[in-house]
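Colleague: Sequence:
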Amino acid sequence: MAEPLPSHVRVVIIGGGIVGCSVAYHLTKLGWRDVVLLERRELSCGTTWHAAGLVGQLRSSHNLTRLARYGAVLYERLEAETGQATGFRRCGSISVARTAERLVELKRGASMARCFGVEIEPISPSDAGKLWPLIRTDDLAGAVWIPGDGRTNPIDTTLALARGARTGGARIFENITVTGIQRARGAATGVRTDHGDIAADVVVNCAGMWGREIGRMAGVNVPLHASEHFYIVTEPMAGVTRELPVLRDTDGYIYIREEVGGLLMGGFEPEAKPWGMDGIPADFKFSLLPEDWEHFNVLMEQACVRIPALESAPVRRHV
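To convert, count from 1 in the sequence shown and add 66; that's the working numbering.
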């Protein structure tokens, strides 16, 4: 660490993933000065680095839709603004519905999204098949098409936000471990670290899967816990092109997108599998968990229903 830690700042941000770097970036855009971000190891090394990088605008509430819409607009301009490549690409997305009830939900969300300027269109199963030729459509009730959705590289986007924050005057320190939160009269007044203490007017917890631990230091119960969560990347497949939209099948818990000529497939398991019950290892960075195909199989089965060609596709990576 070439630069010593300051003794007092306006705000300390704990965590250098995409959320922490985004907070630093936006605070400097709002005119805040004396902004410091502390990262325990390296930027993006916790959960950010292996995220699937989906950029979607259809959400379940007004505020989340506005936020997602803003994110898509931001990521599209961020590379030109900062000079740091982000990997963002507008490829669009399709959300499919297996039931009439799900289709009503998608259409309701589409109506709300239009209020915030999101271009979105309900489409038929056959239209979805034209946009995504590999998918099975005979069991679908309908779908929605969002041409402004896309994908981005999580590491590069984090670094772009960090560069923008630094340009705005923020200071970012890596390899700094927060060991405690200073408090007075029920409020956080600073942080203790393995390199010294920093007094702060505001402390922001952006520690990701360490967020619960950081919250406990401040006497706050953060209802969050790490869990095992996987996706796979296949070898290149016939019919997979770079222009394929992101595919979401909520009834099947899955999402799918193109990745170097193959498919990246992951999802949100109906039953989570907690991880790190005894604490997350101190040296955990850019790390992957052991494969667990039994846990992942529920997603794999659903993905093969939606894209039958996945049944015979060789898996290149399990992340």
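Rather than coming from a laboratory, the hints here were simulated on the basis of the structure. Just so you know, even glycine gets a beta-carbon here, dropped at the ideal spot from N, CA and C. Treat each hint with caution, since some may be false.
Claimed, not checked - Dumping the calculated EDC-like pairs for lysine to aspartate or glutamate here, alpha-carbon to alpha-carbon at most 20 Å:
id, residue 1, residue 2
1, K351, E240
2, K339, E279
3, K339, D358
4, K173, D205
5, K339, D267
6, K173, D317
7, K339, E357
8, K339, E367
9, K173, E185
10, K351, E294
11, K95, E142
12, K95, D267
13, K351, D260
14, K351, D267
15, K95, E147
16, K95, E108
17, K351, D205
18, K196, E185
19, K339, E309
20, K196, E69
21, K173, E145
22, K351, D193
23, K95, E145
Unchecked claim - Simulated DEER-style distance windows between Cβ atoms:
id, residue 1, residue 2, range
24, A265, L133, 28 to 34 Å
25, S293, I189, 32 to 38 Å
26, S293, R383, 28 to 34 Å
27, E377, V286, 34 to 40 Å
28, L355, H128, 32 to 38 Å
29, T255, P302, 27 to 33 Å
Colleague: If a hint holds in the structure, say so; if it doesn't, say that too.
Modeller: So, going through the hints one by one against the coordinates:
1. K351 <-> E240: 12 Å, holds
2. K339 <-> E279: 19 Å, holds
3. K339 <-> D358: 10 Å, holds
4. K173 <-> D205: Since the Cα atoms of K173 and D205 sit roughly 18 Å apart, the hinted pair holds (cutoff 20 Å).
5. K339 <-> D267: 37 Å, violated
6. K173 <-> D317: Between K173 and D317 the Cα gap is close to 15 Å, so the pair holds against 20 Å.
7. K339 <-> E357: 13 Å, holds
8. K339 <-> E367: It holds: about 18 Å lies between the C-alpha atoms, which stays within 20 Å.
9. K173 <-> E185: Roughly 13 Å between the alpha carbons, so the hint for K173 and E185 holds.
10. K351 <-> E294: OK: K351 and E294 at ~15 Å, within 20 Å.
11. K95 <-> E142: 17 Å, holds
12. K95 <-> D267: Status holds; Cα separation ~18 Å.
13. K351 <-> D260: 18 Å, holds
14. K351 <-> D267: 29 Å, violated
15. K95 <-> E147: Cα-Cα ~12 Å, so holds.
16. K95 <-> E108: Distance of about 23 Å is beyond 20 Å: violated.
17. K351 <-> D205: Roughly 42 Å between the alpha carbons, so the hint for K351 and D205 is violated.
18. K196 <-> E185: Answer holds: K196 to E185 is near 19 Å, not above 20 Å.
19. K339 <-> E309: Between K339 and E309 the Cα gap is close to 34 Å, so the pair fails against 20 Å, i.e. violated.
20. K196 <-> E69: Since the Cα atoms of K196 and E69 sit roughly 56 Å apart, the hinted pair is violated (cutoff 20 Å).
21. K173 <-> E145: 33 Å, violated
22. K351 <-> D193: With a Cα-Cα distance of about 43 Å, the restraint between K351 and D193 is violated, given a limit of 20 Å.
23. K95 <-> E145: Measuring from Cα to Cα gives roughly 16 Å; hence the hint holds.
24. A265 <-> L133: 28 to 34 Å: Taking Cβ atoms as reference, A265 and L133 lie about 31 Å apart, which means the hint holds.
25. S293 <-> I189: 32 to 38 Å: This hint holds: roughly 34 Å between Cβ atoms.
26. S293 <-> R383: 28 to 34 Å: 20 Å, violated
27. E377 <-> V286: 34 to 40 Å: The hint (34 to 40 Å, Cβ to Cβ) is violated, given that E377 and V286 are roughly 47 Å apart.
28. L355 <-> H128: 32 to 38 Å: Since L355 and H128 have Cβ atoms about 36 Å apart, the given range 32 to 38 Å holds.
29. T255 <-> P302: 27 to 33 Å: For P302 against T255, whose Cβ atoms are near 55 Å apart, the range 27 to 33 Å is violated.
In summary, the structure is inconsistent with hints 5, 14, 16, 17, 19, 20, 21, 22, 26, 27, 29 from the numbered list given earlier, while agreeing with the others.
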